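S.K.: Sequence:
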Amino acid sequence: MPSTPPPAPDEAAAPTSLVLQRASERFQQLLGAGRVLEHSTRAIEEEADELVLELEALRERPARESALVERRRERVEEQRRQDVVVGAAIAEALGGLAGRLSPEALQELSDVHVRVVEVCLALIQGERQRALEAEVSAHDHQVEQLERRLAKMVEALHRAEDALRRVRSLKHVDEGIASVYRVVQGLDAHAEDAGRKKDLLAAIFAANVELREQCATASASGAATAQSAQSTGKLAA
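With the sequence shown counted from 1, adding 327 to any position gets you this note's numbering.
Be aware that one or more of the hints could be misleading.
Beta-carbon label-pair distances, calculated as ranges [as the list claims (entries may be wrong)]:
id, residue 1, residue 2, range
1, P430, L450, 29 to 39 Å
2, E405, D438, 29 to 39 Å
3, R400, E471, 19 to 29 Å
4, R476, E454, 26 to 36 Å
5, V413, D376, 38 to 48 Å
6, E445, L380, 50 to 60 Å
7, V396, A490, 37 to 47 Å
8, E419, V396, 29 to 39 Å
No lab work stands behind these hints: they were computed from the structure. Note that this is a predicted model, so its numbers are computed, not measured. For each residue, glycine too, the CB sits at the ideal point set by N, CA and C.
Take the sequences, apply the hints, and build the full model.
M.R.: Here's what the structure looks like:
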């Protein structure tokens with residue numbers, strides 16, 4: 328009966344090579360994830376710095392708005408003085424007729440004078456009020472937009488700071504010893520997504536352990552196969 332030829336060395340080493348290839352690919356994936364994490368950290372830091380600068384600029388704007396309000400108050404006072412001047416000009420224009428009118432006409436002129444002043448001032452005040460309302464409406468709209476933008480930027484800054492704090496905490500995770508630590512070390516238990524992170528890192532840890540076991544099994548299997556082939560060859564001889 329012909330003896331069974333021993334398996335080729337390449338065939339015996341195939342499982343080990345496959346496992347090592349997978350381990351190398353997994354290592355490259357983890358290495359790439361680390362680079363992405365480092366890049367994300369820098370991006371978050373830059374975003375936080377930009378938000379801080381923009382917030383400082385926005386917080387300086389109310390001081391400029393206060394100066395604008397003061398200028399408006401001064402303008403209102405100036406408008407009141409203009410009203411007095413308008414009334415005096417009308418009185419002077421009509422007063423020149425007083426010496427040439429009868430007492431009855433003079434009384435009518437006085438009534439007309441009062442009415443003309445009221446109408447002129449009402450027209451002037453109406454135009455001023457419409458202009459002021461349009462300006463106040465535009466100002467209120469700007470203030471409202473500013474408040475909304477400020478609230479959004481504060482929220483964005485808090486998110487960036489929280490994300491940066493989480494990233495920095497991940498960079499200081501205690502690697503531990505496989506034979507001692509059976510759970511993921513170094514996570515903040517009070518973080519909102521601590522459970523999800525713990526499950527994710529635990530899965531990576533378990534996959535790493537399984538990968539090592541596969542490597543060890545493949546190596547032992549390859550050694551046993553080679554030894555069996557040698558024994559078979561000796562018996563055939």
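S.K.: Any hints from earlier that this structure breaks? Give me their numbers in increasing order, please.
M.R.: When the structure is compared with the hints, only number 5 turns out to be violated.
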